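Using the hints, position chain B with the ligands against chain A.
Listed in order, the protein sequences are those of chains A and B.
Numbering-wise (UniProt numbering), the first sequence opens with residue 1 and increments by one.
Numbering-wise (UniProt numbering), the second sequence opens with residue 1 and increments by one.
Just so you know, these hints were derived from the structure itself, not from any lab.
Some clues are possibly wrong.
What the hints assert, rightly or not - Each pair of labels, with its calculated beta carbon distance range:
(1) A/Ser347 to B/Pro68: 37 to 43 Å
(2) B/Ser7 to A/Glu41: 50 to 56 Å
(3) A/Asp45 to B/Ser76: 23 to 29 Å
(4) B/Ala339 to A/His403: 18 to 24 Å
(5) A/Gly74 to B/Pro25: 50 to 56 Å
(6) A/Ile105 to B/Ala121: 56 to 62 Å
What the hints assert, rightly or not - Not close to chain A: a few residues of chain B, all C-beta gaps over 12 Å, as computed:
(7) Thr13
(8) Leu24
(9) Asn47
(10) Gln112
(11) Pro122
(12) Val182
(13) Asp188
(14) Arg295
(15) Leu297
(16) Ala299
(17) Val304
(18) Gly322
(19) Gln373
(20) Val379
Model, not experiment: these values are computed from the prediction.
Every residue gets a Cβ at the ideal spot worked out from N, C-alpha and C, and that includes glycine.
2 protein chains.
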Amino acid sequence: MLDNPNSDYRILTLADLPAYLAGLPDIAAMLGGGTADWRCEDVADGNLNSVFLVDGPAGGLCVKQALPYVRVAGESWPMDVRRAFFEVSYARRMAPFVGSLAPAIHHFDAAQFIIVMEKLAPHIILRSALIAGAHHPRVPVDVADYIAAASFHTSDLAAPFETKAADQALFAGNIGLQRISVDLVFTDPYVIHERNRVTVPLAGWAAAFRADIDLKEAVTRARLAYLTHAQSLLHGDLHSGSIMVTATETRVIDGEFALIGPSGFDIGNFIAHYVMAWFAKPFHGSGPAETARFRDLLAADILVFWQRFEAQFLAHWRGFAGAADGLPASHFADPVAAARAETMRRSYVADLFRDAVMFMACKIIRRVLGFAQIADFLVIPDEVVRAQAQAAALAFARSVLLHPARYGDIAAVVAAMPRFEGAGLDPAPTRLL
Amino acid sequence: MLDNPNSDYRILTLADLPAYLAGLPDIAAMLGGGTADWRCEDVADGNLNSVFLVDGPAGGLCVKQALPYVRVAGESWPMDVRRAFFEVSYARRMAPFVGSLAPAIHHFDAAQFIIVMEKLAPHIILRSALIAGAHHPRVPVDVADYIAAASFHTSDLAAPFETKAADQALFAGNIGLQRISVDLVFTDPYVIHERNRVTVPLAGWAAAFRADIDLKEAVTRARLAYLTHAQSLLHGDLHSGSIMVTATETRVIDGEFALIGPSGFDIGNFIAHYVMAWFAKPFHGSGPAETARFRDLLAADILVFWQRFEAQFLAHWRGFAGAADGLPASHFADPVAAARAETMRRSYVADLFRDAVMFMACKIIRRVLGFAQIADFLVIPDEVVRAQAQAAALAFARSVLLHPARYGDIAAVVAAMPRFEGAGLDPAPTRLL
Ligand SMILES: Nc1ncnc2c1ncn2[C@@H]1O[C@H](COP(=O)(O)OP(=O)(O)OP(=O)(O)O)[C@@H](O)[C@H]1O
Ligand SMILES: Nc1ncnc2c1ncn2[C@@H]1O[C@H](COP(=O)(O)OP(=O)(O)OP(=O)(O)O)[C@@H](O)[C@H]1O
Ligand SMILES: [Mg+2]
Ligand SMILES: [Mg+2]
Numbered sequence: 001m002l003d004n005p006n007s008d009y010r011i012l013t014l015a016d017l018p019a020y021l022a023g024l025p026d027i028a029a030m031l032g033g034g035t036a037d038w039r040c041e042d043v044a045d046g047n048l049n050s051v052f053l054v055d056g057p058a059g060g061l062c063v064k065q066a067l068p069y070v071r072v073a074g075e076s077w078p079m080d081v082r083r084a085f086f087e088v089s090y091a092r093r094m095a096p097f098v099g100s101l102a103p104a105i106h107h108f109d110a111a112q113f114i115i116v117m118e119k120l121a122p123h124i125i126l127r128s129a130l131i132a133g134a135h136h137p138r139v140p141v142d143v144a145d146y147i148a149a150a151s152f153h154t155s156d157l158a159a160p161f162e163t164k165a166a167d168q169a170l171f172a173g174n175i176g177l178q179r180i181s182v183d184l185v186f187t188d189p190y191v192i193h194e195r196n197r198v199t200v201p202l203a204g205w206a207a208a209f210r211a212d213i214d215l216k217e218a219v220t221r222a223r224l225a226y227l228t229h230a231q232s233l234l235h236g237d238l239h240s241g242s243i244m245v246t247a248t249e250t251r252v253i254d255g256e257f258a259l260i261g262p263s264g265f266d267i268g269n270f271i272a273h274y275v276m277a278w279f280a281k282p283f284h285g286s287g288p289a290e291t292a293r294f295r296d297l298l299a300a301d302i303l304v305f306w307q308r309f310e311a312q313f314l315a316h317w318r319g320f321a322g323a324a325d326g327l328p329a330s331h332f333a334d335p336v337a338a339a340r341a342e343t344m345r346r347s348y349v350a351d352l353f354r355d356a357v358m359f360m361a362c363k364i365i366r367r368v369l370g371f372a373q374i375a376d377f378l379v380i381p382d383e384v385v386r387a388q389a390q391a392a393a394l395a396f397a398r399s400v401l402l403h404p405a406r407y408g409d410i411a412a413v414v415a416a417m418p419r420f421e422g423a424g425l426d427p428a429p430t431r432l433l
Numbered sequence: 001m002l003d004n005p006n007s008d009y010r011i012l013t014l015a016d017l018p019a020y021l022a023g024l025p026d027i028a029a030m031l032g033g034g035t036a037d038w039r040c041e042d043v044a045d046g047n048l049n050s051v052f053l054v055d056g057p058a059g060g061l062c063v064k065q066a067l068p069y070v071r072v073a074g075e076s077w078p079m080d081v082r083r084a085f086f087e088v089s090y091a092r093r094m095a096p097f098v099g100s101l102a103p104a105i106h107h108f109d110a111a112q113f114i115i116v117m118e119k120l121a122p123h124i125i126l127r128s129a130l131i132a133g134a135h136h137p138r139v140p141v142d143v144a145d146y147i148a149a150a151s152f153h154t155s156d157l158a159a160p161f162e163t164k165a166a167d168q169a170l171f172a173g174n175i176g177l178q179r180i181s182v183d184l185v186f187t188d189p190y191v192i193h194e195r196n197r198v199t200v201p202l203a204g205w206a207a208a209f210r211a212d213i214d215l216k217e218a219v220t221r222a223r224l225a226y227l228t229h230a231q232s233l234l235h236g237d238l239h240s241g242s243i244m245v246t247a248t249e250t251r252v253i254d255g256e257f258a259l260i261g262p263s264g265f266d267i268g269n270f271i272a273h274y275v276m277a278w279f280a281k282p283f284h285g286s287g288p289a290e291t292a293r294f295r296d297l298l299a300a301d302i303l304v305f306w307q308r309f310e311a312q313f314l315a316h317w318r319g320f321a322g323a324a325d326g327l328p329a330s331h332f333a334d335p336v337a338a339a340r341a342e343t344m345r346r347s348y349v350a351d352l353f354r355d356a357v358m359f360m361a362c363k364i365i366r367r368v369l370g371f372a373q374i375a376d377f378l379v380i381p382d383e384v385v386r387a388q389a390q391a392a393a394l395a396f397a398r399s400v401l402l403h404p405a406r407y408g409d410i411a412a413v414v415a416a417m418p419r420f421e422g423a424g425l426d427p428a429p430t431r432l433l
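Excised from the complex, chain A in its bound form (with noise of 0.2 Å):
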């Protein structure tokens, strides 16, 4: 299934491409014409990997590569290139669900750890839109329509349970990302650690997270719930960097993080970069007037995102007629075991939104303290301000794990937010918000 890393694998230059793709004739049909009609460019703007988009006289894809190492970081940090096989194996595996929410994948090659995949165009990532104060209403209904579809239908709500493990033994594999999650998303954060990006405002609040006792317990029931909810199949990394967007499109890339965990972590994560972009849109450069109209649209979007997902994905579950061992319709079919179903589903649900408001707060943290910072953030380019706005993330994100019982549903998660706007550079006063 996988070849061995280290048998023919070379890394990909900008200039061996057009003779990579012109030995594969079902890509070079699709782009049509000869190496010489084709235009490469590198766009590589993420953290892991290479990426070039071609384009032919037929049409564009797109080809991407898991490097050995951790782009950002060089060759210092090695990263096993098998991510792209699961990259590949996540993508195949949504795509009978989420239809065309992800680029189409064209050729896999398990020697080189390449896609190639559906060139997405005149897409841009959702989070530079989000930094243009661009809104796109479509997205928070398509992406709150792809996790329910994935999370349900992964899960063992939809399948005998052979299904689930199938994908659990696959995914167990994909340890080198998922290592990168334990560790920047559930531990750095909270002690000094060399790849934490702590700028010197903030170290107050650095200090105060690695003190805070209460803190870290919640994060250690959110870091066990990460490894021990085999719920179903998440993307792992499905934050405003993983979605591409037009006006009328949206689609979900880069599932290299791939695992099978608890559903609440995609859902959380998502979320999570709305509330950053609506913490950092007033130091964005616009005027009171925008950023109030922005931000009034981001709270909205964060309300119909979950309620769309909540409504998907309890629609998907009424209306499953297969066999499935999480649920099995023999327990529930008389009316009144109709009715508690319902209920369940419900209660289900419910513990899926307590989940999601955990992980959120654990995501933002990890983008604010921890090793990959966010544009949103680093746009703004006066250290003392931008560190303002993400204190008041923090002070956000720390409420929300402190006091769970504060963010019942998603109203009272989007109504909190202006309460720590004001928070500043001293932690302290604002522990008890």
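Just chain B with the ligands now, with coordinates in the frame of chain A:
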């Protein structure tokens, strides 16, 4: 890793056995002498596999082969022979943690799915001892030590998560026997199913359980926990028929149901069989005084078992000094955090207890209303008398599932048992008990 089960697999007969063993020089040497000196015996008394004991001048061996079907059901119920591979993988994974609490594995034949292991003698099956009224005070202590070591050391509390992920990848393949657990433990007892072996006097109880939506909701929670809570490597079938004993030694055998699952599952299974022995005791032919004496010992065994488990599990955890992702040392280094870590450990064990009690109840119900009945009840010749004993166990199990808050500690569990004694064949009157 696994040979194709269809390649040159052959069912080993008693007659073939000497020649087979003679072909394994190291094994033959353990027996001493030659084939003519070996005394072979078929001792299969379980539901699934062939088991032979062989004695030679130098020593004895136990030879177990997985059949391509369920032994007691015959070829109409096919069953993947690879279960022997999982049994031996489980035994090898446990060996460093449980030492002499399990028989030594001498050989695994991956083509014939034959395990050659230490012959336990004069050990008898714990279930027979319980039925005979022979008390074995080491058993609860030894089994507690076994489960504590297994469930701690194979969890994310005791290792980087990659270790459990490797177990997960492997044991996710053991779907043949996990299917048995899903069906026979969590599903069939609550529906009409041809495999269920409900006796006529228990028809009312079976019907009541099929109609009890509160009960089926609780069982759904248990089933989902079994399917999704990937805490540690479980034995998966740890009842009194999987334990062999002498007055001074305890051995756990038969880990073919192994899976990564909720640690409370093995705990609950073990307790369930002491509870059923307790309910069956008055009908095993000894007088009231002997019944009372033996029941007191069983009740004390249950208390000792849980208390020992708790103490040992916590001791492993407190003493653990290696790297682990569940509760990373770096988060709990200073004295305040160290104190909190202790609180978290206790809360973790409290969760294990809640799970254990839930699984205990499920295991009792499946042994009364399902396919795999147990000798503790079956030795009671009169069907109505037997049903009285079983009904009491069912009433107790139902109460545990419907009212978990009443069973918050092990003393409450043990103290409640006598309340269900007179439950009788009408399921209605004791439903609120
Ligand atoms: N199918 C595609 N069509 C067009 N552009 C794409 C496509 N896939 C990726 N890109 C571009 O390449 C960039 C990097 O892609 P991707 O996020 O998959 O890489 P990565 O190295 O895995 O990043 P990360 O650090 O988020 O893991 C994207 O931000 C996007 O601009
Ligand atoms: N190592 C051993 N030494 C001596 N006797 C053994 C040994 N292993 C098993 N036996 C005997 O063989 C019987 C069947 O063994 P075992 O429970 O492993 O078989 P099984 O077919 O898997 O049963 P089950 O239906 O419980 O799954 C035991 O009850 C015991 O009497
Ligand atoms: Mg990526
Ligand atoms: Mg067995």
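Against the structure, the hints come out as follows:
no., hint, result
1, A/Ser347 to B/Pro68: 37 to 43 Å, "holds, 42 Å"
2, B/Ser7 to A/Glu41: 50 to 56 Å, "holds, 52 Å"
3, A/Asp45 to B/Ser76: 23 to 29 Å, "violated, 60 Å"
4, B/Ala339 to A/His403: 18 to 24 Å, "holds, 22 Å"
5, A/Gly74 to B/Pro25: 50 to 56 Å, "holds, 54 Å"
6, A/Ile105 to B/Ala121: 56 to 62 Å, "holds, 59 Å"
7, Thr13, "holds, 32 Å"
8, Leu24, "holds, 31 Å"
9, Asn47, "holds, 21 Å"
10, Gln112, "holds, 24 Å"
11, Pro122, "holds, 40 Å"
12, Val182, "violated, 5 Å"
13, Asp188, "violated, 9 Å"
14, Arg295, "holds, 34 Å"
15, Leu297, "holds, 36 Å"
16, Ala299, "holds, 33 Å"
17, Val304, "holds, 29 Å"
18, Gly322, "holds, 15 Å"
19, Gln373, "holds, 21 Å"
20, Val379, "holds, 32 Å"
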